[in-house]
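**Student:** In the order they appear, the protein sequences are chains R and H. Take 3 as the starting number for the first sequence in the working numbering and just add one per residue. Take 4 as the starting number for the second sequence in the working numbering and just add one per residue.
In short, the hints are calculated from the structure, not lab data. Remember, it's a predicted structure, so these values are computed and weren't measured experimentally. Heads up, some of the hints might be wrong.
Unchecked claim - The following label-pair restraints were derived from C-beta to C-beta distances:
(1) Phe-68(R) with Gln-244(H): 49 to 59 Å
(2) Leu-29(H) with Val-42(R): 49 to 59 Å
(3) Pro-150(R) with His-21(H): 52 to 62 Å
Beta carbons are placed, not taken as given, at the ideal position from N, Cα and C, and that holds for glycine.
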Amino acid sequence: MSNWERFLETFFNAKVMAKYLPDIAYGMLVTVELAALVIVTGLALGLALALARSLGFRPVNLLIVFVVDLFRALPPLVIIVFIYFGLPAVGLAPSGFVSTWLSLALVLTAFSEEIFWAGITSIARGQWEAARSTGLSYGATLMNVVLPQALRLTIPPLTNRTIAITKGTALGTVVAVSEILGVASSAVSNSYNPSPLILGAAAYLVLFFPMVVFGRWLETRMAWKH
Amino acid sequence: MRLVVEARGIHKHFGAVHVLKGVDLLLAERELVFIIGPSGSGKSTLLRCLNRLEQPTSGSVVVDGVDMLDPRTDINHARQRIGMVFQSFNLYPHMTALGNVTLALRKVAGKSRSEAEALGHAALARVGLADRAAHTPGQLSGGQQQRVAIARAIALEPRVMLFDEPTSALDPELVGSVLGVMRDLRESGMAMVVVSHEMGFARNAADRVVFMDEGAIVEQGVPAAIFETPRHERTRAFIGQIQRH
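Could you build the full structure based on these sequences and the hints that come with them?
**Tutor:** Listed below in C-alpha cells is the structure:
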C-alpha cells in the first residue's frame, strides 16, 4: 500500500463515509435548526436593543451597553458551559441544544446591537431634521427614513459577524448536541477512522459557503448611488 | 393684516454661547422676509426655532395661530404647516423623488397611496420635475435635488416656507433653477422666510430684508433701504463686503 493509498484509506474512506453519512445528514439538520434559531433571535434582539438605545434613556442605555460589552467579551464556549452546567444549580436544566442556542443568540445579540447602533448613528442629522420638519414623528422617522438606510450600511459587517457566530454551533459538541461536529466526532470514535470529520467539514462548507455568497450578493444588491 | 409667524423675544443658548439675544420676527400672509447677516449671526438658528427644530431657551413662537412652544401642542401636526428647505437638501437617498415627496403625505397627512402620489406628482410638476418622479436623489443634479426638497415641503400645503441657505451648496449654474421655483412660489402668495446670500434675489423678491449680527436684529426694512441707505455701520460694512464679491 503506497503512502497515497494509505492517506486516502485514512481520511477518505468510502465505506466509513457511506456508513456515517445519514448521521452527518442528521447533524446538518440539527446545525441548521440551531443556526436558524440563533440568527433569528440574535438579530431580532440586537435590533430591539439598538432601537431601545436610540430612545436615549440614560439608565437604560448604560444597562444595554454593559450587557452588550459583557457578551462581547465572554468567549461563547464559556457562556455555553455556564448555562449548561451552572443553571441547574438554580433549578433550571436547559438541554445542550437550548444552552448552545441561548449563548450564541446572546453573543449575536450583543454584536448585532453594536452594528445596528453604529448604523443608526451614522445616518446624518439632516435626515432626521428633514423628516421631522415634515411632521413625521420620532418613530415614523426611525422606521421609514433612518432604519432603511442604516440596515443597508450594516449588511456587510452583520453578515460577517452572523456567519462567524453561527459557526459557533460546533461548540455545542461540548454539551452533547448532536450537530455536525458532535456527530462526526462520535463517528470517528466508533469507526477508529477520521473520514467522518472530512464529511463533517464538507457539510459545514455546504451550509456556510452559500451564506457567504448570499452575504456578498446582498451587499451588492443593497448598495445605492449617493 | 394677519400674521403667519409671530416670534417674540427669542433667546437661544448653546451651553455658554448666547446665540439669539431676544429676537422678534413677524411675518404677514403673502410676505417674503429675507434674513441676511454674517455667518454665526444666528440666522439659521432663528429659522430653526420657528419649527422647533431648535428649542428656544425663552420667548414665544406662534405659527398660523398655533403656539409652537406649548408642550400641549401636537408638534408633528403643527410642523406640517411649516415647510422647510435645507442647505444640504437632505433628501432620503433610498427613495425616489416621488417617494420623498409622498412619505409625509402618507404617514402624517394620512393620505392613501394613490391620493399621496397624485399630490406628489402635482408638487413635482410645480417645481418642473414631473419627468423625474422615478429618479433617486443620486440620479439628480444638486439643483434638481433641491427642487424635489421644495416639492416635498409644498406638497403638505404649508402656510409658510422656511429656506435655510437653499442655494449655498449648489454650483453657480444650478442656482437659477432653484431661485426660479422660489419666485413662482412667492408669486403664488406663499409666506416665506429666506436665509440666503442671494442679494439679487433679495432685491427683486423680498418685501423686507432683516440684517442680523451677533444674535440680534440690527435693522430691517424694504430691500432698497437696506441695500442703498443702511442706517447702521455694521449693515453698511456687511453689504459692502457682499457686493465686492
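**Student:** For every hint, state whether the structure bears it out.
**Tutor:** Outcome of the hint check:
Look at Phe-68(R) against Gln-244(H): about 54 Å separates their beta carbons, and that is inside 49 to 59 Å. Between Leu-29(H) and Val-42(R) the Cβ separation comes to about 57 Å, which falls inside the hinted range of 49 to 59 Å. A beta carbon spacing of about 39 Å between Pro-150(R) and His-21(H) contradicts the range 52 to 62 Å that was offered as a hint.
Going through the hint list in order, the structure does not satisfy hint 3, though it satisfies all others.
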